[in-house]
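Below, each chain spelled out in residue letters.
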Amino acid sequence: MYLKSAYDIRDKYLRKDMLPTIFCPGCGIGSALQYTLRAIDDLGLNPDEIVWVSGIGCSSRVPGFVNFDGLHTTHGRALAFATGIKLANPNLKIIAFMGDGDAAAIGGNHFIHAIRRNLDVTVILINNFTYGMTGGQVAPTALKGLRGTTAPYGQFENPFDIADLAVSAGANYVARWSVFNYLQGINSIKKALSKEGFTLVEFLSPCPISFGRRNRMKTAPELLRWYQKITVPLAKAKKMPPEELEGKIVIGEFVDRDRPGLVREYEAYKRRAKKMMGWEE
Amino acid sequence: MRYPFPVGKSDFIQGDEAIARAAILAGCRFYAGYPITPASEIFEAMALYMPLVDGVSIQMEDEIASIAAIIGASWAGAKAMTATSGPGFSLMQENIGYAVMTETPIVVVDVQRGGPSTGQPTLAAQGDIMQAIWGTHGDHSLIVLSPSTVQEAFDLTIRAFNLAEKYRTPVVLLTDAEIAHMRERVYIPRPEEIELVERKLPANEEEAKFPFGDLHGDGVPPMPIFGKGYKTYVTGLTHDERGRPRTVEAEVHERLIRRIIGKIENNKHDIITYNTFELDDAEIAIISTGIVSRSGVRAVKILREKGIKAGLLKLNTIWPFDFDMIEELAERVRKIYVPEMNLGQLYHLVKEGANGKAEVELIPKIGGEVHTPMEIVERVVG
Chain A
34 MYLKSAYDIR
44 DKYLRKDMLP
54 TIFCPGCGIG
64 SALQYTLRAI
74 DDLGLNPDEI
84 VWVSGIGCSS
94 RVPGFVNFDG
104 LHTTHGRALA
114 FATGIKLANP
124 NLKIIAFMGD
134 GDAAAIGGNH
144 FIHAIRRNLD
154 VTVILINNFT
164 YGMTGGQVAP
174 TALKGLRGTT
184 APYGQFENPF
194 DIADLAVSAG
204 ANYVARWSVF
214 NYLQGINSIK
224 KALSKEGFTL
234 VEFLSPCPIS
244 FGRRNRMKTA
254 PELLRWYQKI
264 TVPLAKAKKM
274 PPEELEGKIV
284 IGEFVDRDRP
294 GLVREYEAYK
304 RRAKKMMGWE
314 E
Chain B
4 MRYPFPVGKS
14 DFIQGDEAIA
24 RAAILAGCRF
34 YAGYPITPAS
44 EIFEAMALYM
54 PLVDGVSIQM
64 EDEIASIAAI
74 IGASWAGAKA
84 MTATSGPGFS
94 LMQENIGYAV
104 MTETPIVVVD
114 VQRGGPSTGQ
124 PTLAAQGDIM
134 QAIWGTHGDH
144 SLIVLSPSTV
154 QEAFDLTIRA
164 FNLAEKYRTP
174 VVLLTDAEIA
184 HMRERVYIPR
194 PEEIELVERK
204 LPANEEEAKF
214 PFGDLHGDGV
224 PPMPIFGKGY
234 KTYVTGLTHD
244 ERGRPRTVEA
254 EVHERLIRRI
264 IGKIENNKHD
274 IITYNTFELD
284 DAEIAIISTG
294 IVSRSGVRAV
304 KILREKGIKA
314 GLLKLNTIWP
324 FDFDMIEELA
334 ERVRKIYVPE
344 MNLGQLYHLV
354 KEGANGKAEV
364 ELIPKIGGEV
374 HTPMEIVERV
384 VG
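Which chain is which? The protein sequence lines are A and B, in order.
Each residue of the first sequence is one higher than the last, beginning at 34 in this note's numbering.
Each residue of the second sequence is one higher than the last, beginning at 4 in this note's numbering.
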């Protein structure tokens, strides 16, 4: 696979007057953003027909840096705003850039209902187990024992497996990688952007400053090694006994199906309504 | 255009139904909501009509999602509305602030019921006046309208959309369970009888670069909707004229917020409407809004029969508030009475407006019933 230089991607898609980004050294959001832009570029999508939506937090600042229409909304609500944009103008393709807190905590209800409806949206989810922007509080994805400023002695609650949740709620496409799986990441985003309905690509993403520092991994390379240690490819995980999978995160492509998306369902509903009322042309 | 209800004639319908029909005639093509008494009939009517007029009606997971969806729809170019009651309205408050900050035209209907919390779901109240004006956070301004009849619920819904589009702002239609569920004769006009206002769009690429700038000196920037190739970035963060976040500079914040408030305040005489009844030579003024005004009219008639020169001022716009007009009125009357279905909300605004020029007395009533005319008369006669 031929990859264009990162400079080409930057020059083509970023708002230069907004640079530099707010992201800390070692942060993985830039990588996930680059993969998304590469996927858009490879697919030859028209930037005028794409809207980026986000909630609050580090990852949610992404729509400000890319030269597209973008809506930076309230904490956790990105998918609710996206529902209105998509249904009001189905020609627009929507990318929701979200964090783990945004998707699984304050926005958890919007998340599962957007998936249930099969809202036509591609979610790029940055999972770094922490609330980076507010200074390192634990997220509902944090594995047991991980530390955050609000769990200084190690998280005592069970974590959400976001990908698992999305599969159960009915998403059309769900994949999870760490940001170090760049080729798989780009390919998954391309697949996600090409499908109708709800598609999700989750990235395990390093946050050395807010998360790593409190968990004895102060640098990106340390987090990289940790992600290598805790991630297990799906095929391998299937053969592993449950006790060995304890504390591990499975990566791979979890579901790829073609249920009708919300836009198609609503179009059919409108036709049904007109038929039932005797309004057919 | 074919309508799923008769136009150009009168119909005998509920307030909620009137609001739904008016919204469709005003061009609303996106409705998102969550059921709540006494606003559910608005949703049910929208659910019935919207697919037939190629609009969208969707039941969201909660009120927060509902208002979020209509803001998104508005940026995608649709006229959009949601409706709720006090408890749901509280949930919407953060995104009302977001809509103010991002200058998004939307209409939010609050059919008030007895509160607080779940309170008296099926009974009327006027307990959300303060919430409608001040419920969201920070320095801001928006528009709040209040009907007193089913016909007014219809007319003010159309006006709510027009004002939202004209001033790029959220507009709250503040009504109550009494009007929502009351059936009255309403004239449903033909589309050509209605004057509609559409939002100002950027005239060219250059204008589109400043979605939050005062390009035309009226404080209302053209709105570059999504999908037109303008690449607009919209954020609830403090932003400059181009929409770029500039959160730590005091002057950027002040310029933005003062313009957003100014576009409402500087145009308040275009926005504010009211009705008077026997007020010209009045020595006693009754100031009210919504359903209570109807008892007020009758109370004035009774008081006049008793030889007391009473008059009524009915506010159709609750915010912006014409403090100067109230002060002028206070200078020429002996006393002002404020009957309202709460323990004193409109009263505070009237008292501030009267500025000590006349005594202002509250006539509160809670529990779900509207003041009878005699209750107002007895307080005035003493």
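Hints are computed from structural coordinates only; laboratory data are not their basis.
Just so it is clear, the structure is predicted and the values come from calculations on it, not from any experiment.
Among the clues, some could well be false.
[Said to hold, decoys possible] The calculated lysine-lysine pairs, modelled on DSSO-like cross-linking and capped at a C-alpha distance of 27 Å, are:
hint	chain 1	residue 1	chain 2	residue 2
1	A	K223	B	K203
2	B	K212	A	K228
3	A	K49	B	K234
4	B	K12	A	K49
5	B	K212	A	K308
6	B	K231	A	K126
[To be verified] Covered stretches of chain B, going by a simulated chain A footprint (3 or more residues, C-beta under 8 Å):
hint	segment
7	50–60
8	170–180
[Said to hold, decoys possible] FRET-style restraints, in silico, Cβ to Cβ:
hint	chain 1	residue 1	chain 2	residue 2	range
9	B	E208	A	N124	43 to 49 Å
10	B	A206	A	A301	51 to 57 Å
11	B	P9	A	V288	25 to 31 Å
12	B	M328	A	R246	57 to 63 Å
13	A	W312	B	E331	49 to 55 Å
14	B	N207	A	R305	18 to 24 Å
15	A	R290	B	P367	56 to 62 Å
16	A	D81	B	R245	14 to 20 Å
17	A	K307	B	H272	43 to 49 Å
18	B	A206	A	R290	26 to 32 Å
19	A	W312	B	R193	53 to 59 Å
20	A	G187	B	N269	41 to 47 Å
Each residue gets a CB set at the ideal place from its N, CA and C atoms; glycine is no exception.
Practice item. Given that the segment 170–180 of chain B was listed as covered by chain A, double-check it with a C-beta distance under 8 Å for 3 or more residues. Key: violated (count 0)
**Study point:** Satisfaction of the hinted span 26 to 32 Å by the C-beta atoms belonging to A206 (chain B) and R290 (chain A)
**Key:** Distance hint for A206 (chain B), R290 (chain A) is violated at roughly 46 Å.
Review point. Between E208 (chain B) and N124 (chain A), does the beta-carbon spacing fit 43 to 49 Å?
Key: Hint violated: Cβ distance 20 Å, outside 43 to 49 Å.
Point to revise | Pairwise hint evaluation, K49 (chain A) against K12 (chain B), where the allowed Cα distance is 27 Å at most | key: violated, 57 Å
Point to revise | Assertion that chain A covers the segment 50–60 of chain B - criterion: three or more residues, beta-carbon distance below 8 Å | key: holds (count 4)
Exercise for review: Could you check the hint for me, namely that P9 (chain B) and V288 (chain A) are 25 to 31 Å apart, CB to CB?
Suggested key: Distance hint for P9 (chain B), V288 (chain A) is violated at roughly 49 Å.
Practice item. Assess, step by step, whether the Cα of K212 (chain B) is no farther than 27 Å from the Cα of K228 (chain A), and give holds or violated. Key: violated, 32 Å
Check your understanding: Does 43 to 49 Å hold as the CB distance between K307 (chain A) and H272 (chain B), or does it fail?
Key -> Cβ of K307 (chain A) to Cβ of H272 (chain B): about 44 Å, so the range 43 to 49 Å holds.
Review point. How does the Cβ-Cβ distance of W312 (chain A) and E331 (chain B) compare with 49 to 55 Å: does it lie in that range?
Key: This hint holds: roughly 54 Å between Cβ atoms.
Check your understanding: CB of A206 (chain B) to CB of A301 (chain A), is that within 51 to 57 Å?
Key -> violated, 38 Å
Review point. Can the suggested window of 56 to 62 Å be confirmed for the beta-carbon pair R290 (chain A) and P367 (chain B)?
Key: holds, 59 Å
Point to revise | Pairwise hint evaluation, K126 (chain A) against K231 (chain B), where the allowed Cα distance is 27 Å at most | key: It holds: about 13 Å lies between the C-alpha atoms, which stays within 27 Å.
The structure shown violates the earlier hints numbered 1, 2, 4, 5, 8, 9, 10, 11, 14, 18, 19, 20.
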